[in-house]
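Below, each chain spelled out in residue letters.
2 protein chains.
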Amino acid sequence: MASGSFTSRHLAVVGLGLMGGSLALALRERADTIMGVDLDGEARAYALEMGMVDAATDDLQKGVAEADIVILCAPVRAIQAMVERRIGSYLRSNTLLLDIGSTKHDICEAMGRLPVGIQAVGGHPMTGKENPGIRYSDAALYRGRPFVLCPTRRTTPAARERALALVDALGAVPFEMEAERHDHLVAAISHLPYILSATLVATVAQQGQADPTVWELAAGGFRDMSRLASQDVQMMGDILSTNTQAVATLLALFRVQLAMLEAMLVSRDDQKVAEFLKPAREARLNWIQKYENGYKK
Amino acid sequence: MASGSFTSRHLAVVGLGLMGGSLALALRERADTIMGVDLDGEARAYALEMGMVDAATDDLQKGVAEADIVILCAPVRAIQAMVERRIGSYLRSNTLLLDIGSTKHDICEAMGRLPVGIQAVGGHPMTGKENPGIRYSDAALYRGRPFVLCPTRRTTPAARERALALVDALGAVPFEMEAERHDHLVAAISHLPYILSATLVATVAQQGQADPTVWELAAGGFRDMSRLASQDVQMMGDILSTNTQAVATLLALFRVQLAMLEAMLVSRDDQKVAEFLKPAREARLNWIQKYENGYKK
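From first to last, the protein sequence lines are chains A and B. Numbered by our numbering, the letters in the first sequence go through residues 15 to 311 in order. Numbered by our numbering, the letters in the second sequence go through residues 15 to 311 in order.
Hints are computed from structural coordinates only; laboratory data are not their basis. It cannot be assumed that every hint is accurate.
Copies of one chain are not kept apart here, so a pair can be met inside one copy or by any two copies together.
Subject to a maximum C-alpha distance of 20 angstroms in a straight line, what follows is the list of computed DMTMM-like cross-link-like pairs (lysine to aspartate or glutamate) [said to hold, decoys possible]:
1) 76 x 54
2) 143 x 82
3) 143 x 289
4) 286 x 246
5) 143 x 238
6) 292 x 68
7) 292 x 276
8) 76 x 56
9) 143 x 246
10) 143 x 306
11) 286 x 182
12) 143 x 230
13) 292 x 246
Bear in mind that the values here come from a model prediction, so they are computed numbers and not experimental data.
The following block holds chain A by itself, in its conformation from the complex (with noise of 0.2 angstroms):
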């Protein structure tokens, strides 16, 4: 895909939050005009007054009648929503729509279901802040991090070297899949660590009820992994129920291997728990200096 190859004459950005304000910043200059929707006033207000659109609404049919491409980003069941009741009939024949929701697969099958002539694609960017809300817009969110597109019934060929054109736009790297590979794959990186991390603070915190001090004596370890907790609530509800087939069969391998571990633990067999931590820390050595050689350009 050459570098420079994508051009909207009219963008929408439906959703003005971290991840739709960095988009419009990123495509600022590849679009004629940026129009943005969102149902909430101060984002509108903070968009245009920052210059990252041209125009906005709280009027979904008003924000996308006029699009080429069109960009969901909003929560998954938000997508869902739109794509299934509304937006079908307000756009014109050959606008892209692209979304950007963690969950793929009933994204795609909504998309499929749309008339004939309008080019759908899924999308997911694996980037991402733990800072959300659009004041914290970044251009260089999407750069060098994978951008995941799905196909769906109403991808043509065409719709997908536009999806391309626009992840090659934004210097992100695209992986093509299907739907449920998708979702089974950030079940196991994205999914599965959201659990445990919610699991392990409900976990601590019963503890903290028998014994405060617990709160008191933990420290960085415990930073890390209760981190991904604190993440928004109904967001996160919305990706589990919408993913809750490929969660339950990475919770089952998950509860096979840690009681392997625990087994081993205590069986008190320290040749075995070695044996099963040293590939563990390997793996996770390899990954991060990939991680942070390849993707953090």
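Fit chain B to the given chain A structure using the hints.
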């Protein structure tokens, strides 16, 4: 405890790694002489070269013979072996023996069997750095951090006062408690998190065998949750194997919480899922606020 009351004529630091080196730096002005003991010639040479110690030896007996205070800064099992097998006959009567091992029950038991006259207190500072080794030593490593002190059968009131004065000299915050209570608390905030981290990486590695793309998509959430898995396997194996019962108890509590959350997810009870995740989020937010405002100053 009045600041400035801690002094030592001959301080011996056994184990010249990050923790021992940082102790030597922090107590440099409080001790007339500091002796470093380590089997590793490079660590000894570095400590001497940097003026962290006045003398260094690989001979435990020589190193501690003249000491009025000895601090054992080695992995748990190495500390236990020294206390059980050798150090009792090397120490002068009235010497204060302190350690910084990560589990306290076995070490405090062993300390309780030392010759009468030796003053022994179990210790565990809740601090550290990702990079071990004496070269990362930092006089401020203990400052503002919790330092647990556990009584043994060889802890006289005078020994307790001297240990508290030492903790004060480090700028650390003393927490006095029985060894069993300590081991139970750290099982929740240190050992369980490590086990979850290693088991998460093992689970992702299993996925990676079927679909290596999982490593390429992994991002910041996985990064945090996998960090502990990269810790030294021997060190962590020793810690777990000297705290098996508390770890098994915490794993049982964790499994109950995990099963509850999974049942809510699988039965698609979004309300219950939110009721589980919300208190975990709030507990983490409360903790991080206190941790960053209180301890990190």
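Status of each hint after checking the structure:
no.: 1; hint: 76 x 54; result: within (16 angstroms within a copy, 72 angstroms between copies)
no.: 2; hint: 143 x 82; result: neither (29 angstroms within a copy, 51 angstroms between copies)
no.: 3; hint: 143 x 289; result: neither (35 angstroms within a copy, 25 angstroms between copies)
no.: 4; hint: 286 x 246; result: between (39 angstroms within a copy, 15 angstroms between copies)
no.: 5; hint: 143 x 238; result: both (15 angstroms within a copy, 13 angstroms between copies)
no.: 6; hint: 292 x 68; result: neither (54 angstroms within a copy, 37 angstroms between copies)
no.: 7; hint: 292 x 276; result: within (15 angstroms within a copy, 29 angstroms between copies)
no.: 8; hint: 76 x 56; result: within (19 angstroms within a copy, 71 angstroms between copies)
no.: 9; hint: 143 x 246; result: within (12 angstroms within a copy, 29 angstroms between copies)
no.: 10; hint: 143 x 306; result: both (16 angstroms within a copy, 19 angstroms between copies)
no.: 11; hint: 286 x 182; result: neither (46 angstroms within a copy, 41 angstroms between copies)
no.: 12; hint: 143 x 230; result: between (27 angstroms within a copy, 18 angstroms between copies)
no.: 13; hint: 292 x 246; result: between (34 angstroms within a copy, 9 angstroms between copies)
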